[in-house]
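Below are the chains, spelled out letter by letter.
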Amino acid sequence: MTENKHLTYFKVENFKRFSHFEISDLKQINLIVGDNNVGKTSLLEALVLDENIDQLLFNFLNALAWREVGGPKLFPTNYLRYFISSYGNKITYNIKTANDEKTIALEVKEVSTLNPDEIILVQKKLMLNKDTQKYIAIFDDGINKQVAFLNDQLRSVKLYVPLVPFHLGYKDDLVRFYSEKIQPSKKLQAELVENLKIFISDIEDIDISTNVIPDQPYIVIRLKNRDETMPLTMFGDGAVKLFRILCEIAMCSGSRLLVDEIDTGVYFARFNQYWQTILKAAEANSVQIFATTHSIDCLKYFNEVLKDDNLKHLQKKSKVFALKELPDKTVKAYGYDFENFNSAIENEIEIRG
Amino acid sequence: MAKFKLFVEGIADVKFLQDYISHIFSKQIKKHEDIVDFTGKDKLIPQQFQINTDAGGVNLLVFDANGNFEKRKKELLAKAKELNIQFELFLFPNNQDKGELENLLEKIINPSNKKIFDCFNEYEKCLSIDKSRFKTPALKTKIFAYVDTLDLKDEGFAKEEKRNYLNKEHWDLEHASLIPLKIFLNRYFPR
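So the sequence lines, in the order shown, correspond to chains A and B. Under our numbering, the first residue of the first sequence is numbered 1, with each subsequent residue one higher. Under our numbering, the first residue of the second sequence is numbered 1, with each subsequent residue one higher.
Hints listed in this document are in silico derivations from the structure and should not be mistaken for laboratory results. C-beta: ideal position from N, C-alpha, C; glycine also. There could be a bad hint or two in this list.
Below, a sample of chain A positions facing chain B; criterion: calculated Cβ distance under 10 Å [stated by the list, open to error]: (1) Phe18; (2) Glu22; (3) Gly238; (4) Glu283; (5) Ala284; (6) Ser286; (7) Glu350; (8) Ile351.
Pairs of lysine-lysine residues, derived as DSS-like cross-links and limited to a Cα-Cα distance of at most 25 Å, are as follows [to be verified]: (9) A:Lys324 <-> B:Lys31; (10) B:Lys43 <-> A:Lys312; (11) B:Lys43 <-> A:Lys316; (12) A:Lys316 <-> B:Lys79; (13) A:Lys329 <-> A:Lys316.
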């Protein structure tokens, strides 16, 4: 059962604005709402947690680059400073799945401050990097310790980060996702074509072409009754967004996908089909979704599609979490199961914070 | 003063409390922010209470007593325990008798308009002669008829959400029947 990998509980300490933050009774589909700057995106960034230190650092590096705050250049020697709150040098996680519970610590240290035990731990790497590296990250899950220099070349990395930033539209990574996960299967191709009809009603086929930008593969769409193909980007932000999310769901099958502002680029009247498509794809691929939104329409249609006969069974697997800042500046997650968020939406009660 | 949040069970309650609190305490109550409208006790959404409690606020649940004050009070307190939420409770009309908001409204009409009720009572009496064929109109209908009768220009203010309880020609917000509510609210809205 791949769903056994899905998180049921997540706690993080010393991460960005969270001195400590926990979110419990997680479901397969988790929609996160809340005021600006309450920490919705930070939660997604914390959830890029990976149990391979190289992958985790790769995920953090990309998450930081996507933040458009100056990217890693602002933190040239220790980019983890962006994620670690001012309370210390260590991020601590406590995670639970259906069958497992783990406490994980990620600590950053200056090489010059390592204690003798730590020097033994990193000896091999240290010999290779003695003069070039200043900071080292130590990952400890209570069973094994892994180490990596922050600016070392990251090995054993999937070159994929399961985080969709809100502004990310078309990029050449889509060609890779499509060719790796969708194109090899006629069935998946046909499903994607069918799903894209929400935004491209007369779509016939999807292809990869090098004619759009010379020598650069590009996703193109063939329309019914038209000979030539057209770039995917010609069909608007909604089509690109859905294409990306469906490809990314395929990329992280059995694991989790984090989507910031899932509504961005989608016209409200399309939300019903948009949600149906995403929920069906998440279910088919056993993907646990964490998505943020500010949009009341997005929330309303999420609620509406869960009442659809074909998706009713997902009511118990769906939850809305409202993040609120408390008077002591800590942030608390209030989870609304389907019954409660349905009641709130039907009575026009504001639950977004 | 602790941040209060009112929880009620209908749009009529929202509008009445907005106007009453505005009249007594000169405070504007905003829907969603200060007052949450549920449609019945079974639809209480616990997170709404918890959020306000965690923020250091006080929850004020203002519902109808319905057919039995003690029973209703007991039910709601049991619900609070079940949902692990905290609130201060007031039940219309006066926090001691059975009834609903409309029983209170019936008492606080401007006495100069009493004729409307006299006529309505006659109408009810007339209908009650043949109970097998006609039902007695609900109290809500009587209140609607009262306000609608005063709406000479057909402005639509008889609707629950559009009623103006601050209109002294229609309502008396200083009526003695409002004292229990005033005492209850006074604890949270000092003048």
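Now for the hints, and whether the structure bears them out:
1. The beta carbon of A:Phe18 comes no nearer than 16 Å to any beta carbon in chain B, farther than 10 Å, and the hint placing it at the interface is violated.
2. Interface hint at A:Glu22: violated, since its Cβ lies 14 Å from the closest Cβ of chain B, which is beyond the 10 Å cut-off.
3. Annotation: interface hint on A:Gly238 violated; nearest CB of chain B at approximately 29 Å, more than 10 Å.
4. Below 10 Å, beta-carbon pairs count as interface contacts, and A:Glu283 has none with chain B, the closest being about 26 Å; its hint is therefore violated.
5. Look at A:Ala284: its Cβ only gets to about 31 Å from chain B, farther than 10 Å, so that hint breaks.
6. Violation of the interface hint for A:Ser286 is found here, the shortest Cβ-Cβ separation to chain B being roughly 28 Å, above the 10 Å cut-off.
7. Look at A:Glu350: its Cβ gets to within about 4 Å of chain B, closer than 10 Å, so that hint holds up.
8. Annotation: A:Ile351 was flagged as interfacial toward chain B, and the flag holds, the nearest CB pair being 7 Å apart, inside 10 Å.
9. For the given pair, A:Lys324 sits about 19 Å from B:Lys31 by alpha-carbon distance, which is consistent with the 25 Å threshold.
10. Between B:Lys43 and A:Lys312 the CA atoms are separated by roughly 20 Å; this keeps the pair inside 25 Å, and the hint holds.
11. In summary, the hint linking B:Lys43 to A:Lys316 is supported, as the alpha carbons are separated by about 18 Å, within the 25 Å threshold.
12. Of the supplied pair hints, the one linking A:Lys316 and B:Lys79 holds, its CA atoms being roughly 22 Å apart against a limit of 25 Å.
13. Of the supplied pair hints, the one linking A:Lys329 and A:Lys316 is violated, its CA atoms being roughly 31 Å apart against a limit of 25 Å.
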